[in-house]
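Given chain R, put chains V and U in place with the hints provided.
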Amino acid sequence: MDRKIVIPGEIIASGDSLPGEWTEKRGSDIVALRYGLVDESNRLVKIIPLSGVYQPRMGNVVIGKVRDITFNGWLIDIGAAEDAFLSVAEVPRYVNKGGLDEVMDIGDMMVAKIIGTHKRSLDLTVKARGLGKIEDGMIISVNSNKVPRVIGKEGSMVKLIKDESKCNITVGQNGLIWIKGDSVEDELFSKKAILFVTEKAFVSGLTEEIKKFFIKK
Amino acid sequence: METSNLTGKTIQKYLNEGKRFDERKLEEFRDIEVEVGVSKNAEGSARVKIGKTEVIVGIKLDVTTPYPDSPTDGNLMVTTELLPLSSPRFELGPPKIDSIELGRITDRMIRESKFIQLDKLCIKAGEKVWNIFIDIYSLNDDGNLLDAAGIGAVIALKNTKIPKYDAENEKVLRDETPETPLPTSNDIPLSFTFHKIGDSIIVDPTREEEDFSESRLTIGTSGKYISSMQKGDEKELTPEEFKHIVDLSTQVWKDISKKIEKYLK
Amino acid sequence: MTKEFKRPDGRKIEEMRPIRAEVGIIPNADGSAMFAFGETIAIAAVYGPKKMHPQHMQNPEKGTLRCTYNMMSFSVKDRIRPGPSRRSMEISKITEWALSPIVLIDDYANNVIDVHIQILQANASTRCAGINAAAMALAHAGIPMKGLASSVSIGKLDTQLVVDLNKDEEDWEEGEGATDMPITFTDDGKITHFQLDGKITPEQLKEVVDLGKKACVQINEIQKKALKDALKKEE
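Protein chains in written order, with the numbering used here: chain R, 2 to 218; chain V, 187 to 451; chain U, 1460 to 1694.
Extracted from the complex, chain R is given alone in its bound form (with noise of 0.2 angstroms):
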């Protein structure tokens, strides 16, 4: 499954396939505007980004930081080009006006979820099971193109890693990631064996690489 790399300007196909996400049609030819891998089904091809900053989606899960507090929410830095806030009013729990700092500080980190993106700036919440403040464990940055072979196909790979290294790990779309176990030993392996998947995101036969890693350790 060894997809092709393709830079912008590139065609990538002729005839009768359609332009997906990152090519355009010029004449017959189906031409990348990305740096990134090809990818086709159906007839539809698409460029997979390899790099580049973080691009928000509507329902994206993200770990973010408290860059500044305003008098009715937060501002968080989540990677982006472009401001998220958090309202008051997407917080679980009532919040005494000038008490924000109480609840989360500048600096502070925490998972949130996207739920409103609009030209200049996104909306989060914490208003679910598994969002709010992160008191505990260590967090680690990876670009955030890696983060679908992190969680690997319907999670496995983050599942695997959990097991193998008995610590919970909350993947930030935005590329942060959130370990979380019982000793400090167990936090760096979990580390470790992430970065590995990293370094070797765009690689075929991961999977098989993961296993002899673990198998190693």
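FYI, nobody ran anything at the bench for these hints, they're computed from the structure.
Straight line, CA to CA, 30 angstroms or less: simulated DSSO-like cross-link-like pairs of lysine-lysine:
id, chain 1, residue 1, chain 2, residue 2
1, V, 226, U, 1684
2, R, 167, R, 114
3, U, 1605, U, 1649
4, R, 120, U, 1509
5, V, 235, U, 1691
6, R, 98, U, 1510
Here the structure is a predicted model, which means the values were calculated and not measured.
Showing chains V and U alone in chain R's frame:
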């Protein structure tokens, strides 16, 4: 993204168990990679990588009049540029250790150790001496640009050759191949910065660790002698911590000078 | 053009210096690359898209491409004082114009994509090396682009046209001296940048365009390979 409060808390928790995020020991440096002679129009140059932190140092020489109070000594000037390309942070304002401080600490380390034999750089007493420019550029900041700059400067200087000079026409002959090595001492000065986070002392911080450094002590040492020191940031050091750092500096000097000795021939 | 013209370093008329290109050299950047024509070495780092600061420079209609070009003090024989100069500011602007037609940044309103170029070692053609490195770095950063851009300097030494000028050729003094013409092409053959300093006939100028196009096709192949090889590095 500036490092979060949580990471600071976790770094301290790990340090209390003697662990760091990249599994190094507290007094252990990351891998060091060096390339000498990377810029051929410079009289000497070096590119140094400590982990992912990278700097490039170039040495240029020209002829000037000496300072009145040292008529037979050459001069040296250290300039540091923290390039915006090396970090998403630099554009938005000066970093924790800014380029001026970085330049001055490196300058002091080289000057006070008398590593360059400035008295051998006289062309005509009171009239003409060699001027040495040590220009340091950051290429990637993952913490500890300070020590990388020092290592880069020393290696670049050790590999610097003095251009030929036409005294009659008062011209530096830059198109001719230089042969004379810059007169430097055999004692190699290096600067190491020790950081205090919580109750732990670490060396060679990553950028995340540097963000949570509460106090730091930079020592310029050539193993046997220490010739420059600077304490930075706001927290205090106990006398015990101070002495511990002084002891550590000799050990770290031994480790690092061994790693880079092949570039100092 | 009847006798075989002798270039100072022995190259053929259309021969470029050995080219090296590599991607991903600055870990902190969103995209980065190095490009070298012989002894001229340029590195480029891209950060973005991100919020544009200062705020008053934000464009609410589309994204902004911002380029800065600088030479390291020791990159040339006579040291340059560190910091921007009028020349570096002009080349920064020219680089922006050379690359703007290829980036698709209409969807990045109020955002900026910063391209930082540094010259580590100079032996003429520095702005061309810079543009080549920048184009690769932009692709590496995942910026949507119509295609890459490739740049080369075409020179006229007395009456002879040559491809990829080095410093000795830039300083050519015989006959009509040297005319320096850096030119940048998109990969579909359009010109996004051109400069001329010297003296040339309109007929020869048309030849310059053809020579430039041919050379840039070769450069494009090398840029492409560097981007594709970047992945193999990760294995």
